[in-house]
Amino acid sequence: MMVKRAWTDQRIEDILGNMLRAGVGLSAFVVFCGAIVYLTHHGRTPEDYRVFQGEPSDLRSVPGILREALHLNGRGIIQLGLLFLIATPVARVIFSIFGFAEEHDRMYVVFTVIVLAILLFSLVGSQM
Amino acid sequence: MNILEFTALVFLGSMIAGLLGALTGLGGGVVLVPLLTLFFKVDIRYAIGASLVSVIATSSGAAAAYVKEGFSNIRIGMFLEIATTLGALLGAFLAVWVSTSVIATVFGVVLILSAYLSRKPRPLAERDLPPDPLATRLRLNGRFPDLQGMRSYNVQRVPAGFSIMFGAGALSGLLGIGSGALKVLAMDQAMRIPFKVSTTTSNFMIGVTAAASAGVYLNRGYIDPGLSMPVMLGVLAGSLVGTRILVKAETKWLRIIFSAVIVLLGIEMLYKGLTGRL
Chain G
1 MMVKRAWTDQ
11 RIEDILGNML
21 RAGVGLSAFV
31 VFCGAIVYLT
41 HHGRTPEDYR
51 VFQGEPSDLR
61 SVPGILREAL
71 HLNGRGIIQL
81 GLLFLIATPV
91 ARVIFSIFGF
101 AEEHDRMYVV
111 FTVIVLAILL
121 FSLVGSQM
Chain H
1 MNILEFTALV
11 FLGSMIAGLL
21 GALTGLGGGV
31 VLVPLLTLFF
41 KVDIRYAIGA
51 SLVSVIATSS
61 GAAAAYVKEG
71 FSNIRIGMFL
81 EIATTLGALL
91 GAFLAVWVST
101 SVIATVFGVV
111 LILSAYLSRK
121 PRPLAERDLP
131 PDPLATRLRL
141 NGRFPDLQGM
151 RSYNVQRVPA
161 GFSIMFGAGA
171 LSGLLGIGSG
181 ALKVLAMDQA
191 MRIPFKVSTT
201 TSNFMIGVTA
211 AASAGVYLNR
221 GYIDPGLSMP
231 VMLGVLAGSL
241 VGTRILVKAE
251 TKWLRIIFSA
261 VIVLLGIEML
271 YKGLTGRL
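From first to last, the protein sequence lines stand for chains G and H.
Under my numbering, the residue at position 48 of the first sequence is numbered 48, and the numbers go up by one with no gaps.
Under my numbering, the residue at position 217 of the second sequence is numbered 217, and the numbers go up by one with no gaps.
What the hints contain is simulated information worked out from the structure, not anything from laboratory work.
One or more of the hints may lead you astray.
To be clear about the criterion: a stretch of chain G counts as covered by chain H if any three or more of its residues have a C-beta under 8 Å from a C-beta of chain H, and this derived list gives those stretches [said to hold, decoys possible]:
#: 1; segment: 27-38
#: 2; segment: 43-51
#: 3; segment: 88-97
#: 4; segment: 109-122
Beta carbons are placed, not taken as given, at the ideal position from N, Cα and C, and that holds for glycine.
Just chain G, with the same shape it has in the complex (with noise of 0.2 Å):
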């Protein structure tokens, strides 16, 4: 029972880590070619981050980020990159809760529950 335990939890350990090192991998990519579109457009444009302005409200949701970005506005597009880098480790929360299912143990699966409810209310519930 315990050495099927012990080989259970260390499979789960090495899909999780292909699976953070695939997210990153993506994001990185993604933020690279939002990078080339936003530079060729706005390279040249003085920058200005000394004033706190906040970001255009397309560029702060879920949906708003994907619309910048299927139009290929550069900026979306970065921002599309950011948004799989925040859902990787939102994404490995997710994968675990079924990893402790397997191994029945409930407790465990209620806890990661309630990190995955925290983390959503923080993306989509914190618009206000």
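Start from chain G and add chain H according to the hints.
Just chain H, lined up with the frame of chain G:
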């Protein structure tokens, strides 16, 4: 400065921060915000958003390497993530309400503290501690590969560790850093988790913690794609190179120098924060 030049310089600076962070194990995130605000004159809110994004990138990248070694304890990680993500939410909401000079002041204090904590020798993990009833119920005790085969450990003082983790999460959300130093403090000192397990598990947790506050930052318009792009790509490139050459490099002096840099940046942030110039 036009956007092209700005992007190139920020990329370079972030790469050096990521490289030094990986080589010294102190994390590059902690110097990013001072670098952006003090040298590039970026508003601290944009700087925190960009730093948070890079923290997720390096944590997930490094965790991918760590989890395979079998040191990290996913149960300790997941249980404590309840504390860190709740703290991170609180920190991110606080960041919206408090003034930027307060954030800069807190940042200065945390920089100086984390340099101090990283210089402090870590306690040698005592072996064969008696199992704690709460830790046993939560199934936190574990085993990890040691020179003499598998070694077991019993986790201590769960409530204390959980509370420090909440604080670490709040600081991470308020300042956009990984607060790895505080996380290790909770796990080493309070919970008596062996060094290798606490380091890797802490790294594993940083990404989830940062994601919890990143959502709030994104919705509030603090994450600017033009600034986050060179920061994230730079830190990621720097830390990848850093972990490759880590085995060969002599890091003792590097750690001392980098700690000194962190203290100096901390003093500067503290001064700017207290005089209301940031």
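Going down the list of hints, with the structure as the test:
With 7 residues carrying a beta carbon less than 8 Å from a beta carbon of chain H, the segment 27-38 of chain G meets the three-residue requirement, and the given coverage holds. Coverage of the segment 43-51 of chain G by chain H holds in this model, with 8 residues showing a Cβ closer than 8 Å to a Cβ of that chain against a need of three. Look at the segment 88-97 of chain G against chain H: 6 of its residues bring a Cβ nearer than 8 Å to a Cβ of that chain, three or more, so the hint holds. Restraint check on the segment 109-122 of chain G versus chain H: 8 residues with Cβ-Cβ distances below 8 Å, three needed, restraint holds.
Against the hints set out earlier in the document, no violation occurs for any number.
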